[in-house]
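J.: Quick note, the sequences are listed as chains A and B, same order.
Per our numbering, the very first residue in the first sequence carries number 1; after that it's consecutive.
Per our numbering, the very first residue in the second sequence carries number 223; after that it's consecutive.
Mixed in with the good hints there might be a few duds.
A few chain B positions that, by computed beta-carbon distances, are all more than 12 Å from chain A [said to hold, decoys possible]:
(1) Leu241
(2) Phe243
(3) Arg258
(4) Glu287
(5) Glu300
(6) Lys322
(7) Arg336
(8) Ser454
Chain B regions said to be covered by chain A (calculated; three or more residues, Cβ under 8 Å) [to be verified]:
(9) 230 to 237
(10) 244 to 253
(11) 259 to 270
Which stretches of chain A does chain B cover? Using the computed rule of at least three CB atoms under 8 Å from a CB of chain B, they are [what the hints assert, rightly or not]:
(12) 4 to 18
(13) 36 to 48
(14) 115 to 124
(15) 161 to 168
Derived by calculation from the structure, the hints in this document are not laboratory data.
From the three backbone atoms N, C-alpha and C, an ideal C-beta is built for every residue, glycine too.
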Amino acid sequence: MHESYSLEQLVILYSIVSTLLPLFFGALRFRSLPKEMKKIYGLSLTSFFFDLIGTAFWLLKTSNLWIGHIQTLVEFLMLSSAFRIALSGIWLQKQMKYIVALFVSAGILNTVFLQDVHQYNTYIKILEATLLIGFSLAYFYKLAKEMKVEHLEREPFFWVNTGVLIYFSSNLFVFTYSNYLLLYSQKLGIRIWFIHALFFIFFNCILAFALWIVPKNSSLRG
Amino acid sequence: MDRPEELEFAWLMLIGISLTFLLSLAVVMFFVYYQRRLFAQRQDMEALRQEEQEKRLKAIISAQEQERSRIARDLHDEVGVMLSTVKLYLTHGKEDTSSKAQALLDDTVNTVRRIARNLSPQHLGQFGFERALDDMCEPLEQSGELIIERSITIMERLPREQEIQLHRMVQELLNNTLKHARASQVGISLEQNGREVCLRYEDNGRGMDLVKAESLPSLGLRSLSGRVEVLSGTLELQSAPGEGFQAVITMPLMGATSVFSGMKGLNGDMNRNALEGEASASSGEGMEVSEH
Chain A
1 MHESYSLEQL VILYSIVSTL LPLFFGALRF RSLPKEMKKI YGLSLTSFFF DLIGTAFWLL
61 KTSNLWIGHI QTLVEFLMLS SAFRIALSGI WLQKQMKYIV ALFVSAGILN TVFLQDVHQY
121 NTYIKILEAT LLIGFSLAYF YKLAKEMKVE HLEREPFFWV NTGVLIYFSS NLFVFTYSNY
181 LLLYSQKLGI RIWFIHALFF IFFNCILAFA LWIVPKNSSL RG
Chain B
223 MDRPEELEFA WLMLIGISLT FLLSLAVVMF FVYYQRRLFA QRQDMEALRQ EEQEKRLKAI
283 ISAQEQERSR IARDLHDEVG VMLSTVKLYL THGKEDTSSK AQALLDDTVN TVRRIARNLS
343 PQHLGQFGFE RALDDMCEPL EQSGELIIER SITIMERLPR EQEIQLHRMV QELLNNTLKH
403 ARASQVGISL EQNGREVCLR YEDNGRGMDL VKAESLPSLG LRSLSGRVEV LSGTLELQSA
463 PGEGFQAVIT MPLMGATSVF SGMKGLNGDM NRNALEGEAS ASSGEGMEVS EH
């Protein structure tokens, strides 16, 4: 079965396995996970199932673009709820529920009126990436303002935040031009999605590391 | 992927992805560096603050030690000698020794009283800052070499702790003037501005170079600055060689209570009269600072 796939295709195909890393480390520390990290664990869990379904459809050579429409909304909901906890104490936190409501509405309207389930939901992906980059920068602002965390490398959500910033900003171009990729050869599409898969694996490794460094009984911090 | 426009698109994508990746990485690295620098700065400031606090604490302790040494010296050199002389008179008693011993004993009692007053201003607790300030200044004025103008415009009695600290500050400043300034006039004023108390002190002495004094502050100035800090106040000094010395100390009012608060009605008025009477009766006494 693998003989017909290139190395890049295999990396794209098996990038889903990297989702098991945060799931594994998250399960080891689950009882100790603070609320925001539990949301991140939930993100990995849903991401794994959506990717599993997506891969199955890809192997069956059936369009899996519709999954992306749902996955984007769920992904944003999970990440924004984690950021809502992490950004406690700054003004943006109070606006989060409105941002989430607007985002979900925009996602539904985009699928119904602009980019149907047979296309990539690029507009919403761009909006998602932009908002999450904004949240990520707001988290850095909060850390600098409060000056409570001296050892950043020991702060799990700092790693999550770093992963979010690098993954979503690096993939902004991929999300923006993913519909254009369909106009070019499959080879180019595979190359670009291969790069995306590398960032996806990197993101999952960072999430796994963040879940691994959660200190035991840290959820008692409240 | 051989078409030129496809190649161009691939390159553009690759450059775009690389740039955004590097940019986000740079943001993270900058933040980590910035945050570490902020923490390092905070630690440096904390260390400086602690060092300064230690210096002040040492100055206060040292001032206390000096005070103790002075008391010990006073007791040994004055009271001790007087008592020994009295003993000598009584041991080798002649006819006229009894009156001499009595006079010496009177002197001894006065000296002990003076030492005790210097240790804890007698009238401060009972009649407040103004009266204690008078006690401190009058003997100095009686020497005829120093005129001390005083102006107290506070309507309420300050908390005892604050009064003691203010008294000690004035003592410290007066000591400074007597030791170094060669001044002929001193002005002391204490006023209340809302919830703040402001103590102004000035003399017309020979002044000092504040830049030098700041780099090598005297024990007295350090002790003064430590006392001001304890009361969350601010200390402003103004002086130059030949231009006298001025200190302005501002501090928040520490939950002030009225002098006669709690004394209401007829009984209160009676107590008030009694206190005022006592105050005027004992105003004739003075601190014997100038004797020293």
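J.: Take the segment 4 to 18 of chain A, compare each residue's beta carbon with every beta carbon of chain B, and decide whether three or more fall closer than 8 Å.
T.: violated (count 0)
J.: Count the residues of the segment 161 to 168 of chain A with a beta-carbon closer than 8 Å to any beta-carbon of chain B: does the count reach three?
T.: holds (count 3)
J.: Okay, the segment 115 to 124 of chain A and chain B, do three or more residues pass the C-beta test at under 8 Å?
T.: violated (count 0)
J.: The output says Glu300/B does not contact chain A. Does that hold with a beta carbon cutoff of 12 Å?
T.: holds, 58 Å
J.: Hey, does Ser454/B actually stay past 12 Å from chain A on C-beta?
T.: holds, 23 Å
J.: Regarding the assertion that Phe243/B does not contact chain A, is the least Cβ-Cβ distance greater than 12 Å?
T.: Non-interface label on Phe243/B violated, nearest chain A Cβ at 4 Å vs cutoff 12 Å.
J.: With a cut-off of 8 Å between beta carbons, are at least three residues of the segment 230 to 237 of chain B near chain A?
T.: Result for this restraint: holds, n = 4.
J.: Is Arg258/B truly not at the interface, in the sense that its beta carbon sits beyond 12 Å from all beta carbons of chain A?
T.: Label violated. Min Cβ-Cβ 8 Å, cutoff 12 Å.
J.: At 12 Å, judged by beta carbons, does Lys322/B keep clear of chain A as stated?
T.: Its Cβ never comes within 12 Å of chain A, the nearest being 74 Å, so this holds.
J.: Three or more residues of the segment 259 to 270 of chain B near chain A by CB distance under 8 Å?
T.: Coverage by chain A holds here, the residue count being 3 at a Cβ distance below 8 Å.
J.: Per the coverage rule (Cβ-Cβ under 8 Å, at least three residues), is the segment 36 to 48 of chain A covered by chain B?
T.: violated (count 0)
J.: Does Glu287/B sit more than 12 Å from chain A, CB to CB?
T.: It holds; Glu287/B is separated from chain A by about 39 Å at its closest Cβ, greater than 12 Å.
When held up to the earlier numbered hints, the structure conflicts with 1, 2, 3, 12, 13 and 14 and fits the remainder.
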